[in-house]
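Student: Just so we're aligned, residue 3 is where the sequence shown starts under our numbering, counting upward by one.
It cannot be assumed that every hint is accurate.
Claimed, not checked - Simulated crosslink set (BS3-like; lysine-lysine; CA at most 30 Å straight-line):
hint : residue 1 : residue 2
1    : Lys269    : Lys34
2    : Lys224    : Lys253
3    : Lys269    : Lys283
4    : Lys240    : Lys253
5    : Lys93     : Lys104
6    : Lys283    : Lys34
To be verified - Derived CB-CB ranges, DEER-like:
hint : residue 1 : residue 2 : range
7    : Lys95     : Glu236    : 52 to 62 Å
8    : Lys39     : Lys252    : 34 to 44 Å
9    : Arg293    : Tyr97     : 48 to 58 Å
10   : Ile250    : Asp110    : 32 to 42 Å
11   : Lys47     : Lys228    : 18 to 28 Å
12   : Arg138    : Ile250    : 44 to 54 Å
13   : Ser74     : Asp31     : 27 to 37 Å
14   : Tyr173    : Pro29     : 28 to 38 Å
15   : Gln86     : Asn147    : 30 to 40 Å
Rather than coming from a laboratory, the hints here were simulated on the basis of the structure. No residue lacks a Cβ here, since even glycine has one placed at the ideal position from N, Cα and C.
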Amino acid sequence: MRRARFTYTGAYHHVISRGIDGKIIFPNDMYKFTFLKLLEEKSTKLKIRIFAFCLMNNHYHLVLENSSGKLSDFMKQLNSHYAQYFRHFEKSKGYLFQGRFKSLLIQDDSYLKTVIAYVMLNPVRANIVKNPYDYRWSSINFYFNKDSNLLDNSLIEDMFENKEMFQHYIYSMVGTNLPEISTRMGKFIGDISYKEVNQLLFERRKYNSESKRRRLIDYSFKTPDKVIEEFEKEFDIKISELSSHSRIGKKLRNELLVRLKDQSGLKYSEILKFNIFKNLKLSSLSTIYKRHKNNK
C-alpha cells in the first residue's frame, strides 16, 4: 500500500519530478514552453498556487501551495498530460517520469523563502550559468517585473520590499543546503522535531475539518462579484458610495482589499483595477493589506 502524502490543505511544498533513469524530459525549449503552458492550465483548473519553478533537462522543481487540497490530482494530471505530449512528438513508448513525484512539506514562510532561493540557484549549482538571472527557464525574472497567469508572485513581493532586496537574498543563499528532516510520514523542510510535526499536522487537520463545516471540502475561491455582494450586504453600503477621504471609508476600503485578496485570490494588480483603489499605488497595497490584517 502506498503511503499517503505528507500534506494538508494550505500546505507549502517543494516538489521535484525526474525523468525515469535520468531520462531527458525536456529535449529543447519547445518542450519546456509546452510544459509551462500545461502548468498554468492545471494549476488554474485545480487551484494550486505556484510560487516558483525551475525546469532542468531531466527534472523540474516547483514551489507551491496545496491551496485546494488536490496536490496529488494536480501532479498526476500535469505529468500524465505532459508525458502524452512527449511520447507523441518523440514517437516513444513507456514511462517518462520516475515513479511518484518527490514532495517535501515546508514549515513556514521563512523556510519558503529559503526553498525558493534554493530552486532559483539550481542552474548555478549545475554549472549551467554563473548568474541565476541568466537562466531562462526558472521563475526568477517574474518577481517585481510583470504579472503572470502562471505564477503567484505576490507572496514573494510581500516578503521583500523591492527587487534589489530579493536579489541580495538570492545571492546570499549561494552554497546553502535545505534543512531536510526525515520522518516516518515523509520529508520535511524546517527545524522542528518529529513530535512537533505531528502536533502541527493534528492542528492543521483539526482546523481543516472544522472549516469544512463552513465551506466546501474542495476549496475554491469566491468570485470577486460574490465577495463584493457579501461585503455590501454586511456593511449596508455600495462600494460606489465608499469614500476614502473619511476614516470609516478608508477602513471599509481596506477591509474590502483584504477580502478580495483572501477570498477571491486576486493579485494586487487586479485589485487595483477597481475604482475604489484607483488612487492607490501598487506598491502600497501590500502595506495596507498587512496593516489592516494585523489590526483586526
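Student: Each of the hints needs a verdict: does it hold here or not?
Tutor: Hints and how they fare:
{"no.": "1", "hint": "Lys269 - Lys34", "result": "holds, 26 Å"}
{"no.": "2", "hint": "Lys224 - Lys253", "result": "holds, 22 Å"}
{"no.": "3", "hint": "Lys269 - Lys283", "result": "holds, 14 Å"}
{"no.": "4", "hint": "Lys240 - Lys253", "result": "holds, 14 Å"}
{"no.": "5", "hint": "Lys93 - Lys104", "result": "holds, 27 Å"}
{"no.": "6", "hint": "Lys283 - Lys34", "result": "violated, 35 Å"}
{"no.": "7", "hint": "Lys95 - Glu236: 52 to 62 Å", "result": "holds, 58 Å"}
{"no.": "8", "hint": "Lys39 - Lys252: 34 to 44 Å", "result": "holds, 41 Å"}
{"no.": "9", "hint": "Arg293 - Tyr97: 48 to 58 Å", "result": "holds, 51 Å"}
{"no.": "10", "hint": "Ile250 - Asp110: 32 to 42 Å", "result": "holds, 35 Å"}
{"no.": "11", "hint": "Lys47 - Lys228: 18 to 28 Å", "result": "holds, 20 Å"}
{"no.": "12", "hint": "Arg138 - Ile250: 44 to 54 Å", "result": "holds, 49 Å"}
{"no.": "13", "hint": "Ser74 - Asp31: 27 to 37 Å", "result": "holds, 29 Å"}
{"no.": "14", "hint": "Tyr173 - Pro29: 28 to 38 Å", "result": "holds, 31 Å"}
{"no.": "15", "hint": "Gln86 - Asn147: 30 to 40 Å", "result": "holds, 32 Å"}
The structure shown violates just one earlier hint, number 6.
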